Amino acid sequence: MHVLIIGGGICGLGTALLLARVGHDVTLLERDGAPTPVSPADAWEGWQRRGVAQFRQPHNFMPGLRLLLEEALPDVQQALADEGASRFDMLNPLPPSITDRSPRAIDTSLWTYTARRPVGEWVFARAAEREARVAVRRGVAVTALVPGPPVSAGIPHIVGVRTSAGEELRGDLVVDARGRQSRNGEWLTTLGARRPFEEQADCGFIYYTRYFTGKMPERRGPGLTPIGSISVLTLMGDNDTWSVTIFTSVGDQALKNLRHEKQWTKVAQACPMQAHWLEGEPITGVLAMSGIVDRYRHYVVDGLPVVTGFVAVADAWACSNPSAGRGLTVGFKHARLLRDVIAGTADNPRTLVEEFYRRTEAQIAPWHHAQIASDRMRFAEIEAIREGRVPPPPQTALAASIQSLMMSMADSPDLFRAGLEYLGTITPVQDILKRPGVAEEIQHVLATMKDLPPRPVPGPSRQELLQLVQ
134 MHVLIIGGGI
144 CGLGTALLLA
154 RVGHDVTLLE
164 RDGAPTPVSP
174 ADAWEGWQRR
184 GVAQFRQPHN
194 FMPGLRLLLE
204 EALPDVQQAL
214 ADEGASRFDM
224 LNPLPPSITD
234 RSPRAIDTSL
244 WTYTARRPVG
254 EWVFARAAER
264 EARVAVRRGV
274 AVTALVPGPP
284 VSAGIPHIVG
294 VRTSAGEELR
304 GDLVVDARGR
314 QSRNGEWLTT
324 LGARRPFEEQ
334 ADCGFIYYTR
344 YFTGKMPERR
354 GPGLTPIGSI
364 SVLTLMGDND
374 TWSVTIFTSV
384 GDQALKNLRH
394 EKQWTKVAQA
404 CPMQAHWLEG
414 EPITGVLAMS
424 GIVDRYRHYV
434 VDGLPVVTGF
444 VAVADAWACS
454 NPSAGRGLTV
464 GFKHARLLRD
474 VIAGTADNPR
484 TLVEEFYRRT
494 EAQIAPWHHA
504 QIASDRMRFA
514 EIEAIREGRV
524 PPPPQTALAA
534 SIQSLMMSMA
544 DSPDLFRAGL
554 EYLGTITPVQ
564 DILKRPGVAE
574 EIQHVLATMK
584 DLPPRPVPGP
594 SRQELLQLVQ
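If you want my numbering, it's the position in the sequence shown, counting the first as 1, plus 133.
No lab work stands behind these hints, which were simulated from the structure alone.
Please read all numbers here as calculations on a predicted model, not as lab measurements.
Careful, some of the hints might be misleading.
To be verified - Capping the alpha-carbon separation at 30 Å, the derived lysine-lysine pairs in DSS-like fashion look like this:
#	residue 1	residue 2
1	Lys389	Lys399
2	Lys348	Lys399
3	Lys348	Lys395
4	Lys583	Lys567
5	Lys583	Lys466
With the sequences and hints as input, model every part of the structure.
So this is what it looks like as structure tokens:
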């Protein structure tokens with residue numbers, strides 16, 4: 134099969150590699166014309182990726198991605214390590230409240246290599262450019278899809294793409310991997326196809342990030358820590374670099390001064406588990422990002438595909454608040470699923486689209502639904518705290534279950550690992566909660582916590598926060 138992939142970000146490159154390794158020929162089209170830099174350092178310093186708004190925002194390579202690379206692209210995983218990616222073990226440190234330190238079978242899965250986005254993308258780009266069955270063409274902007282004779286009555290069929298230069302490229306399958314910026318609905322309706330059904334909303338968060346270099350800080354708690362009306366995210370990078378992100382509600386006008394280095398630093402220094410992450414040398418100012426949408430696109434509507442010969446993967450299919458760091462890993466899981474679906478349906482375009490949709494709903498969509506449930510719960514909590522209200526209870530059963538698991542992690546060695554298995558994008562939380570004994574263990578832990586005083590907020594109160602940003 135000859136596959137055309139639109140979009141040369143990490144997930145587009147990964148999709149190309151996964152398909153090429155099982156014998157497909159791939160042409161990857163990336164609209165940004167800048168060539169792949171000569172080194173990871175050059176990638177960070179000067180690679181211009183105007184089509185990726187979050188290119189220098191923090192990204193994470195979760196254990197779920199490391200396990201996938203180990204199975205399907207071990208050379209790429211080794212290249213990440215060789216180019217300075219940091220080894221990150223989610224078990225380190227165990228909470229002091231967990232006294233049972235004996236190992237479990239899952240422990241060997243809970244680590245990964247991680248890197249800054251430009252460095253990670255450089256590694257995948259080099260791998261794709263060296264792959265015999267992959268042709269990477271940069272500076273090629275796709276402007277339309279090319280229709281062909283329908284293979285199923287009443288459903289448009291795609292046979293290629295048209296570029297801004299007027300070139301037509303033909304393929305057996307077109308894959309949209311353009312990420313959050315994809316507007317494939319307009320392309321499809323132009324051809325007379327029904328528009329994919331979209332669920333969309335602004336996630337409501339704004340992010341303020343700084344990068345540092347130096348001796349890698351000690352991890353003293355979880356990477357993502359809710360602290361009243363803010364959350365703090367600390368991520369290891371590559372080659373002795375790391376990032377610290379403070380994020381909050383985009384509507385919190387009182388915290389807009391976080392965009393300034395002085396106020397940002399004062400707030401970060403007031404967070405005891407993260408303050409020492411500022412001891413390195415800053416290599417950026419405060420990088421702000423907002424306007425992130427939660428979106429889910431359905432390419433089968435009312436039981437019928439909107440189109441054949443075309444699929445979307447990763448963020449072009451669904452995207453959400455990036456603070457959990459699962460986007461790349463979920464995107465790769467989606468790409469691997471496409472590889473597996475093609476293996477059994479390559480000769481039937483309609484079956485390919487239908488089976489990809491069905492298995493996406495069953496295997497990949499749970500990650501998106503869980504993230505949305507968590508985001509809505511956390512956003513409601515932030516809004517309540519900044520307005521001086523009592524945070525509302527979770528609004529869905531899934532959100533309540535996730536909250537219960539997160540609350541009980543620090544008091545049970547097995548629930549701690551179950552939570553990390555979910556947070557590390559190895560197993561969806563919905564599947565973990567169905568395991569025998571998990572719900573009962575959660576209820577047991579929560580029952581023992583009822584008579585204990587609440588754990589203190591690990592950082593400034595709302596009033597202290599408002600003073601710090603003055």
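Quick one, are Lys389 and Lys399 close enough, alpha carbons at most 30 Å?
-> 14 Å, holds
Given the proposed pairing of Lys348 with Lys399, does the C-alpha separation stay at or below 30 Å?
-> This hinted pair holds, its Cα atoms lying about 21 Å apart.
Straight-line alpha-carbon gap Lys348 to Lys395, limit 30 Å | With Cα atoms ~23 Å apart, Lys348 and Lys395 stay inside 30 Å; holds.
Is the hinted pair Lys583 and Lys567 satisfied, with a Cα-Cα distance of at most 30 Å?
-> 24 Å, holds
Verify the proposed pairing of Lys583 with Lys466, using a straight-line Cα cut of 30 Å.
-> Violated: Lys583 and Lys466 sit about 39 Å apart, past 30 Å.
Checked against the numbered hints given earlier, this structure breaks only hint 5.
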